[in-house]
Each structure stands twice: as C-alpha cells, then as structure tokens.
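Colleague: The lines below spell out each chain.
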Amino acid sequence: MLNIKAGSTSHSAYNLRSVYSDVEERHTLAVIVENEPGVLARVIGLFSGRGYNIESLTVAEIDHTGHMSRITLVTSGTPQVIEQIKAQLGRIVPVHEVHDLTVEGATVERELALFKVRGEGEHRVEALRLADIFRANVVDSTLESFVFEITGTPEKIDAFADLMRPLGLIELARTGVAALSRGPDSRV
Amino acid sequence: MTGQTEQTGGQMTGAKMVVQALRDQGVDTVFGYPGGAVLPIYDELFQQNDIRHVLVRHEQGAIHAAEGYARSTGKPGVAIVTSGPGATNAVTGLTDALLDSIPIVVLSGQVPTFMIGSDAFQEADTVGITRPCTKHNWLVKETDRLGSTLHEAFHVATQGRPGPVLVDIPKDVQFATGSYGGKETRSTRYAPPVKGDAAAIEALARAMETARRPIFYTGGGVINSGPEASKLLRDLVEATGFPITSTLMGLGAYPASGEQWLGMLGMHGLYEANMAMHGCDLMICIGARFDDRITGRIDAFSPNSTRAHIDIDPSSLNKVIRTDIPIIGDVAEVLKELLGAWSARGRKTDREGLAQWQAQINEWRAKDCLAFRNSDKVIKPQYALQRLEALTKDRDRYITTEVGQHQMWAAQYLGFEAPNRWMTSGGLGTMGYGFPASVGVQMAHPDSLVINVAGEASWLMNMQEMGTAVQYRLPVKQFILNNERLGMVRQWQELLHGERYSQSWSEALPDFVKLAEAFGAKGIICKDPADLDDAIMEMLDHDGPVIFDCLVEKHENCFPMIPSGKAHNEMLMGEVSTAHAIEAGGAVLV
Ligand SMILES: Cc1ncc(C[n+]2csc(CCOP(=O)(O)OP(=O)(O)O)c2C)c(N)n1
Ligand SMILES: [Mg+2]
Chain A
1 MLNIKAGSTS HSAYNLRSVY SDVEERHTLA VIVENEPGVL ARVIGLFSGR
51 GYNIESLTVA EIDHTGHMSR ITLVTSGTPQ VIEQIKAQLG RIVPVHEVHD
101 LTVEGATVER ELALFKVRGE GEHRVEALRL ADIFRANVVD STLESFVFEI
151 TGTPEKIDAF ADLMRPLGLI ELARTGVAAL SRGPDSRV
Chain B
1 MTGQTEQTGG QMTGAKMVVQ ALRDQGVDTV FGYPGGAVLP IYDELFQQND
51 IRHVLVRHEQ GAIHAAEGYA RSTGKPGVAI VTSGPGATNA VTGLTDALLD
101 SIPIVVLSGQ VPTFMIGSDA FQEADTVGIT RPCTKHNWLV KETDRLGSTL
151 HEAFHVATQG RPGPVLVDIP KDVQFATGSY GGKETRSTRY APPVKGDAAA
201 IEALARAMET ARRPIFYTGG GVINSGPEAS KLLRDLVEAT GFPITSTLMG
251 LGAYPASGEQ WLGMLGMHGL YEANMAMHGC DLMICIGARF DDRITGRIDA
301 FSPNSTRAHI DIDPSSLNKV IRTDIPIIGD VAEVLKELLG AWSARGRKTD
351 REGLAQWQAQ INEWRAKDCL AFRNSDKVIK PQYALQRLEA LTKDRDRYIT
401 TEVGQHQMWA AQYLGFEAPN RWMTSGGLGT MGYGFPASVG VQMAHPDSLV
451 INVAGEASWL MNMQEMGTAV QYRLPVKQFI LNNERLGMVR QWQELLHGER
501 YSQSWSEALP DFVKLAEAFG AKGIICKDPA DLDDAIMEML DHDGPVIFDC
551 LVEKHENCFP MIPSGKAHNE MLMGEVSTAH AIEAGGAVLV
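Just so you know, the sequences run in chain order A and B. Under the UniProt record's numbering, the first residue of the first sequence carries the number 1, and numbering increases by one thereafter. Under the UniProt record's numbering, the first residue of the second sequence carries the number 1, and numbering increases by one thereafter.
Careful, some of the hints might be misleading.
Derived list of chain B stretches under chain A, where covered just means 3 residues or more per stretch with a C-beta under 8 Å from a C-beta of chain A [said to hold, decoys possible]:
#1 62-74
#2 306-320
No farther apart than 25 Å at their CA atoms in a straight line, the calculated lysine to any residue pairs in the SDA-like style are these [unchecked claim]:
#3 B:231 to B:259
#4 B:319 to A:21
#5 B:195 to B:347
#6 B:319 to A:149
#7 B:195 to A:94
Hints were generated in silico from the structure; no laboratory data involved. Heads up, the beta-carbon is just placed ideally off N, CA and C, and yes, glycines get one too.
When you get a sec, could you build the whole thing from the sequences and use the hints?
Modeller: Take a look at the structure:
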C-alpha cells in the first residue's frame, strides 16, 4: 500500500519489512547508548520483561569523552517480534541509535574465547595441532595444560569447542559477539 | 510569581533547587507525604507560598491525585514521596500512569549517597524498583546535576508519548549546595518525531476517498496530544461524515452528542461500535493501541479492513495488529496534514457507499444495546447513572471512576462533550484510582463539579483520602454504586466459573453515612428509585465532600460483553441467555 522499498529501517522510523512471516530469524543489533548508570539494566529488563530472547550481549564504552557505549545484541524472533524489539529499544531514553545489522547489509561478526585444555601425550599433541588449524593462540601453558585464545564467528568457536571436548577441555570463557558492517561506510 | 522567585540561577541547596525548578516549570500544586529522606525539601516548601502542597493520606493517593491533575489540565502532575516505603507505595500509581500515558513527575527521597547499598533505614533500590514502571528515572548523586535532571524529567514526562518519570534524590544531595542554571540546562537530546510521513498521509487520504465502510477508532492519544487534536478530529469527522468510536481512554475527544458518534468500543463497548469495527473496510486508528480489551480475538479482528494507525510511539505500530498505513507522529500534527492532503485532493468520499454504511449502522443502533429492564423497587445501576447524567450533564463537570462494573456503566451511560473531563484507570485497571484522582482534579478545578463514580469495594481501597478531601475543603462527590459485591468479579464467576462466587462479596461494609460523618463530611444513602433524583440534587447542592451510598441491584451484569477469546461479532447482549457463552479456552484469558 505504501510503496516504500523494503529493506533498511535505519533511516526511517517505519517498519519497511513484511512482518507477517512466522519464521524465526536471528538478528544482530547494534545499540548505541549513553553510558549512564542503569542503562544495561534497562536493556536487559526490556528483554526479560517482554519475553524476548537474548542469544548474546556484549557492551563496552566506545567513546570515553562522549560516554557512549555500544551494545551488540544477538536475538531471534519472528519479523514482527524483531520489529517490536527495535521499537522498544528505541523508546529507552538513553538509547541513541538502534541498528539492525542483519538487514542493513553484510556484517563481520567476531567473538573471542579462551579455552583451558588439560591432557598429556597424544591428546596434548592433537590439541595443539587443531589449535594451529583454527588459528588459536596459546596464551598460557604448563606441562599438563594449555589456555588457547581463539577469535572467530560463534560457529567457529562452537566447532573448536566440539573438537576440544574429547581432548580435555575443562573450562571455557566466551565474550559474546561484536559486529560491524562490511565496507567503507559507517551507518552508526 | 512572588518576590522569592526573582533570582532563578546561582548557588543554592539541593532542596531549594527542587522548589525553584518546580516554580520554573510553572508547577502550582504538588501532592505528597513527608518522611525522613525528604525533610530538607519539606523545609523549603514550608518557607514559600508559590507552590501548594497537598498532604495526601497514602503515597498511592498522591500519585493518582497527580494523575487526575494531569489528565484534567494537560499539564504534568507532581508528587513527592519519601524513601523506602514512600517510594514503594508509589509503584502502583507509576504503573497506572505508564499504561495510560499520563505525564507525572515523582520526586522521591533517598538515603544519603554514602549510605546507599548498606541496607540503611528506609533504604530501597527505588530506581531499580521503578525502572520498569516509569518512562525513565534518575538517581541524582551530585547537587550540581539536580537542576538539569529535574528539567529533563519534566521534558521526558511530557514529550513524545507522555508517561511517569521519577527522580530519586539522596538526602545529602538535598542538603549540599550546588549551582542551578534554570530551565535551559536540561540536555535537549530527547526529541521524538512529531511530524508524520507525507507519503503515508497521502496514502491514507487516498484510501479515505474510496472507502465504503470507513471508521475512526480513536484513543487516549488524541487527548494527550492536546485540545488542538480534538478540534481537528471533530473537523475531520464533520468533513468526511465517517462514523467514529473511541476507547475508554479517548472518551470526550469527539463529543458524545456528535452525529457520527457510535459510542465506546471494546469488551463492554456498544454493539454498533463493535459491529462497525468488525465490518469496516477502512479503519483509521488515531492514538489508540489495539489493547486486548478492544480487539477481542485477534485472528477474527476486523477481518476485511485496511488499517491506518497514527501514533507517536513507533512501538505501538504492528505490535498486536498489523497495519497497512503506519503513521508515526503527534496526533494534532498528523491530523492537520491529513486534512490538508485530503482537502488538496478535492475532499472526496464515496457518498453512495457511506450512505449504505450509515444505513447498516442505523440498523445496528436500533438494537438499543444499552436497554435494560428498569425497576421501581430497586435502583438499577444503569438507571442511577442515567439520572446522574441527566442532572449533571449541563454543568461544568469532571468524572473520575474506580474499576469494575460501575466504571463500564459510567463509560456507557455518561456522555462526554469535551476532552480532559473523564479520568479513569484504563490500562492497569487500578481499583482505588478514582477517589484520589478526584482529589487531584478538584485541586486543579476548584469551582467545577467533580464526581467519582465508584464501586464500594474499589472505593475502600483508598478511602483514607477522605481526610485530604475534608482538610482542603474539596467538594468531591463520591457516588458509590454499592452492590455489596466485587461486581465485575462476580459477573465473570457467573459467566465463566459455574456461578461459584469465590470471595466476591463485600462483607462487613461500613455505614457510609456514618463514615462520612466521622471524617467531618456529608453522607447520603439512597435505596429507593423514587428518591434518587432528590438525593442526587442534595449531593450536588452540598458545598463540601459527599459520600453518596447508592444501594443498587446486587446481581446486575454489565452488557454488552465480548467474552475473552471471542470476536467483535460474538457479543453477549443483556437479557439473552448467557449459558455456555464462554468456552473453557476463554477462561484462561483475563
Ligand atoms: C487493585 C485491584 N485489585 C483487584 C482488581 C480486580 N477487580 C477488578 S473489578 C473488581 C471488583 C470491583 O468491585 P467494586 O469496586 O465494588 O465495583 P463493581 O464491579 O461492583 O461495580 C476487582 C476485584 C483490580 N482491578 N484492582
Ligand atoms: Mg461493587
């Protein structure tokens, strides 16, 4: 009816995507917020209070003079729910911008993880060999253990974890996803 | 303003800053209750005369009074509460204001900054507790930032979709001295869009030309937008000849005496309004939000319509009902643009289609869905409201309500000709709202007639405010439709739970006349329909607060009714057999 091209919502307050589908989608959002006390609680409270999913959430101040933080949020839901999530985030007073990286174009997504793998003999050699293939770095080692640092997509980290488990993986820490759009332009 | 206000900037204590900021915002009345953590502010209030402080009898009363003040004036309401229990008592009112988009500013005291986190006496995590029930809130830790935060609070409460905000002020911040820069010091970033998208408005104007069965569905957003929005709405309805219905919150934006008026829609809405919503081909939703009390069963909601939705809050669009023409903006702005766009295109409508539509609506109207069987032995609640309407409709009148059957009957049988004249708890359905709200309304309009249409059970929830009404000589009329039942609960139990009336009796009720007298007010009891007019006149003629105990039929049900889980065209009407009307599936819905 409206004859506005479907696609990005970043420069329009309107929902330009069809919201009628029942298929759950995974979206990565970049939320630029004033780094004031309680702002993370507001965002998390919104998700828990309204029953939305959070698959991953990372936050850090990215502009120390302007006190701005960037929250990278991976969530899933039907298109209608995703649109609601963005609109609800946009209502939070200290939220400056909400970007749906998934509909705005190609993105790079990276996560960092630390793996502690304990073992001897064959297992130890195999762990090192796989770490090399995955371009994981050894950041700590003893005669019976390694700590690997690995950066990649969440899927790559999942895959590495699956391989390490039988080789003595005893502890794992992940940062959650950070994401940027590809290409020379910044939309944020 | 008086001599005290000459100097608005400079160095001052936080407590002084609070009073100064209220003055600079043009606040004339605050509702509140003192306590340890707000003593410095109360000390400053004591030493000035610009701002009246109304001492309520419970902090919940202060918030609802501020809501009544706000709703009836269009200005933000202000309340002050102490830390801990004062703040937690404010939670229901804040949530009420959030759901009904009422602009209020609540100032709460907090334990000194150096004691926060130590479980100090009367310490509560107020910003934590009120985060989900405010539009925004702040904990102010430095006196230097207090002034700008207070002004930002007023800005956020009133701009965009209005709502409640809270500023938590530790006691040491009130005592300390800091610099105050006046109203201009707030950060100006929060600025929701007010102007609608021109292409979308044009699309709506086009749809209006060809619609054969159009309807305006309006809500509280029209009233929040201000008097200009109501005026433009009337112009648009007049010019197009389209019928109009409204939610509970929107009553008065279009006059009840207007020719196109269909009455309220929704769960207890009028037959013609709900049937027209079901059968329309173009729905123009203005400042309403497709609440579940409005839509009934979602998948059967208005199955054949194109829907346009005008709202200032982007999250209202496509939240529950998909919209074909979404327009984000302030109602008054958008209506002005829409009238312009439609006029520029030649002010066309499908006259023939409209005439048929009107004929269909007249047929529905002929059903006379509000008809009830009157009695000369017992006062029917509908009759009581009809008489109240007849005897007060030409007066300068404001109505508040509690929550229950009486509220729905008030919405059905009272007519509202102007906006801001009807104060009711719509979204949260807060029993105990109406009495303190009437106090707030009367403070704002001392010479007007203010009536709270109440149920006996709701009224008892905040009856302590009789003290406030008497102390401030507020001639609020408490018109209690006393059915000695939690009537709305009883009705649902009758229809949904096999007539098992679990805990829905109002037992051990007070003698309301004696209760009024105990507070130093007037009490009137009426049980005979023949005495009703005289009794109502006696209430109206009394210059002071009155409790009117109107003993009504105990088992009357409120119709029409769309049971939960049913569609608009599956309304239950009065007198009809209601057995098995609601399937088990509907019983899980509220
Ligand atoms: C604070 C609160 N508690 C419970 C309810 C649930 N409730 C809705 S209506 C109602 C009965 C109200 O009784 P009364 O005030 O006498 O009004 P009536 O329905 O009899 O007119 C109840 C208990 C509510 N809305 N608010
Ligand atoms: Mg009752």
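Colleague: All the hints need checking, so say for each whether the structure fits it.
Modeller: Here is what the structure says about each hint:
no.	hint	result
1	62-74	violated (count 0)
2	306-320	holds (count 7)
3	B:231 to B:259	holds (15 Å)
4	B:319 to A:21	holds (14 Å)
5	B:195 to B:347	holds (22 Å)
6	B:319 to A:149	violated (43 Å)
7	B:195 to A:94	holds (22 Å)
Hints 1 and 6 from the list above are not met by this structure, while the remaining hints are.
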